[in-house]
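**Student:** Sequence:
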Amino acid sequence: MDKPATDYNAWLNKYEPTKLHGFKALYFYYLYLFGKIRKKETPQRISFYMREEIIKFDRYQKQFHFLIDNDIETIEQINVFKESAESKIKELTLNRSRLYNKPDAKPEIEKINKELRELRKDVRTCKNIFEDSERIQEHQNYVVQLEQQAQNANKQRLKDMER
3 MDKPATDYNA WLNKYEPTKL HGFKALYFYY LYLFGKIRKK ETPQRISFYM REEIIKFDRY
63 QKQFHFLIDN DIETIEQINV FKESAESKIK ELTLNRSRLY NKPDAKPEIE KINKELRELR
123 KDVRTCKNIF EDSERIQEHQ NYVVQLEQQA QNANKQRLKD MER
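The numbering used here puts the first residue of the sequence shown at 3, with every later residue one more than the last.
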């Protein structure tokens, strides 16, 4: 009454690539020789630091598109947008809680959930813009300070050379 051992890797056999034989193999061999097809090149691995910078760049790009789409130019406008989104979230959650007990309200609840998802995403984006703008401003101040130090060092070096 023992069951036979289950082969959990059986599904892999369905997806194994078949090897070419005969005329097909010869055809692809000549295509490869004449340079009409190439072997797949493996992409170059990206370093950890580069990956972090790419993620930051993508985040900044999304924030930029958010600002452009909503015609936001100042921090005050971001605050106003964020507060209005939060008030809409409160209003929609109240409406949704009223609809929970009603029969046949599922489509309306799904519609409200979709709107809430978008609004919460906008609020998160606003918060990220605040945090990133402060970080970028600090970094920019640091770069300006380094440039001033380099200019002062160059001026000092020129004065020393003139003497």
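To be clear, the hints were calculated from the coordinates, so they are not data collected in a lab.
Glycine included, each C-beta is placed from N, C-alpha and C at the ideal position.
Do not rely on the hints blindly, as some may be mistaken.
[As the list claims (entries may be wrong)] Simulated restraints, written as ranges between beta carbons of each label pair:
(1) E149 to R53: 22 to 32 angstroms
(2) K161 to I56: 37 to 47 angstroms
(3) V146 to R53: 51 to 61 angstroms
(4) A152 to Q65: 51 to 61 angstroms
(5) L148 to L94: 45 to 55 angstroms
(6) D60 to K38: 30 to 40 angstroms
(7) L148 to R100: 55 to 65 angstroms
(8) Q65 to Q153: 28 to 38 angstroms
(9) Q139 to E117: 44 to 54 angstroms
[Unchecked claim] Once the Cα atoms are required to be at most 25 angstroms apart in a straight line, the calculated SDA-like pairs of lysine to any residue come out as:
(10) K84 to F68
(11) K58 to N115
(12) K92 to Q65
(13) K84 to K123
**Student:** Each hint needs a verdict: does it hold in this structure or not?
**Tutor:** We went through each hint and held it up to the structure:
1. E149 to R53: 22 to 32 angstroms: Given a distance of about 28 angstroms, which is inside 22 to 32 angstroms, the answer is holds.
2. K161 to I56: 37 to 47 angstroms: This hint holds: roughly 44 angstroms between Cβ atoms.
3. V146 to R53: 51 to 61 angstroms: Since V146 and R53 have Cβ atoms about 28 angstroms apart, the given range 51 to 61 angstroms is violated.
4. A152 to Q65: 51 to 61 angstroms: 30 angstroms, violated
5. L148 to L94: 45 to 55 angstroms: The hinted range 45 to 55 angstroms holds for L148 and L94, with Cβ atoms some 48 angstroms apart.
6. D60 to K38: 30 to 40 angstroms: 36 angstroms, holds
7. L148 to R100: 55 to 65 angstroms: 58 angstroms, holds
8. Q65 to Q153: 28 to 38 angstroms: Because 32 angstroms falls inside the window, the suggested range holds.
9. Q139 to E117: 44 to 54 angstroms: This hint is violated: roughly 33 angstroms between Cβ atoms.
10. K84 to F68: 12 angstroms, holds
11. K58 to N115: Judged against 25 angstroms, a Cα distance of about 29 angstroms means the pair is violated.
12. K92 to Q65: 24 angstroms, holds
13. K84 to K123: Holds - the C-alpha atoms of K123 and K84 are around 11 angstroms apart, at most 25 angstroms.
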